[in-house]
Amino acid sequence: MNRYASHAGSWYTGNASVLNEQLSEWLGNVPPTTENGVPIPVKGARAVIAPKRVFILGPSHHIYLSSCALSRCTEYETPFGNLILDAEAIKELRDTGHFTDLTKKDDEAEHSIEMHLPYIYKIFESKINSIKIVPVLVGGLSTSQEEFYGRLLSRYLADPNNLFVISSDFCHWGQRFRYTYYSSDPNLAVKLTHKSKDKLIIPIYQSIENLDRQGMSIIESIDHQEFASYLSKTRNTICGRHPIGVLISAVQEMQKNTNNTSTMIRNPEIRFVHYAQSNQVTDVLDSSVSYASAYVYLP
30 MNRYASHAGS WYTGNASVLN EQLSEWLGNV PPTTENGVPI PVKGARAVIA
80 PKRVFILGPS HHIYLSSCAL SRCTEYETPF GNLILDAEAI KELRDTGHFT
130 DLTKKDDEAE HSIEMHLPYI YKIFESKINS IKIVPVLVGG LSTSQEEFYG
180 RLLSRYLADP NNLFVISSDF CHWGQRFRYT YYSSDPNLAV KLTHKSKDKL
230 IIPIYQSIEN LDRQGMSIIE SIDHQEFASY LSKTRNTICG RHPIGVLISA
280 VQEMQKNTNN TSTMIRNPEI RFVHYAQSNQ VTDVLDSSVS YASAYVYLP
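To get this note's numbering, take the position in the sequence shown, counting from 1, and add 29.
Be aware that one or more of the hints could be misleading.
Claimed, not checked - Derived DEER-like restraints, expressed as beta-carbon distance ranges:
(1) His223 x Ser246: 30 to 38 Å
(2) Met144 x Arg205: 19 to 27 Å
(3) His223 x Thr125: 45 to 53 Å
(4) Ser171 x Lys134: 23 to 31 Å
(5) Thr125 x Leu217: 42 to 50 Å
(6) His91 x Tyr326: 31 to 39 Å
(7) Arg123 x Gln235: 41 to 49 Å
To be verified - Below, simulated DSS-like cross-link-like pairs (lysine-lysine); rule was C-alpha separation at most 30 Å, straight line:
(8) Lys285 x Lys262
(9) Lys151 x Lys161
(10) Lys133 x Lys81
(11) Lys81 x Lys120
These are computed hints drawn from the structure, not numbers from a lab.
A virtual CB, placed ideally from N, CA and C, is assigned to each residue, including glycine.
Based on the provided sequences and hints, a complete structural model is requested.
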């Protein structure tokens, strides 16, 4: 059973030739260092890595999930061709009893995983027949559930044959998102309304960036409880907060696992390499979505 590329032609072009040109241009523009001068771990951000499987953790936007869910499809379509799902790895996860199954309809309605598929196909196109994917849709987990799934997935993260992709954006700001958090002082935050125009000390877009970078810094510290506290305090509208929480928990589990040297890591690193906003908001009636990209290095 194949999952149709339901967002091709709307969220991104469904024309394989045009898509290939776009991805080639964007990947070709990857600089040798980040915006802060830190070397990117993989030159050109591609193809030196040769995993056997790619786990893709994405947040659920269209259905309520109190756990994590797996696909029942065998292949995911992209404009370039199909990606094969790893039936063995998915069965292992399913057999734990802690995952539900997606219907094909719900699978195709969700965009968070699909948006990464063309990139995965493009980056590994020379080895595409030897790579399989493991899509995991992450529901509205509690902090303890994030820790549980992090422990469960940590052995897969420790395997050098696996690559993990975490799907997320950052702050969705504006009245249409019902989120107008504003702070010019780390110790004082307010909810802006249309009457707040004369009370701005710094531009709204700067407040949004400060908020996002606070969260990014906490993620880089690999402190799951601190990240949960940050979200509880600010309510930042990070769509992938639960997949991110699972990832941080998985890395923490690997750090403390002193009984199994094959999964123990001593100096893990999460490093953000780029940050952007769809629009620089200066008016309360405006809106924007933030985007941030990071890598995880496990020595």
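Verification of the supplied hints:
1. His223 x Ser246: 30 to 38 Å: holds (32 Å)
2. Met144 x Arg205: 19 to 27 Å: Since Met144 and Arg205 have Cβ atoms about 21 Å apart, the given range 19 to 27 Å holds.
3. His223 x Thr125: 45 to 53 Å: holds (50 Å)
4. Ser171 x Lys134: 23 to 31 Å: holds (27 Å)
5. Thr125 x Leu217: 42 to 50 Å: holds (45 Å)
6. His91 x Tyr326: 31 to 39 Å: Holds: the Cβ-Cβ distance is about 33 Å, inside 31 to 39 Å.
7. Arg123 x Gln235: 41 to 49 Å: holds (46 Å)
8. Lys285 x Lys262: holds (27 Å)
9. Lys151 x Lys161: holds (14 Å)
10. Lys133 x Lys81: holds (25 Å)
11. Lys81 x Lys120: With Cα atoms ~16 Å apart, Lys81 and Lys120 stay inside 30 Å; holds.
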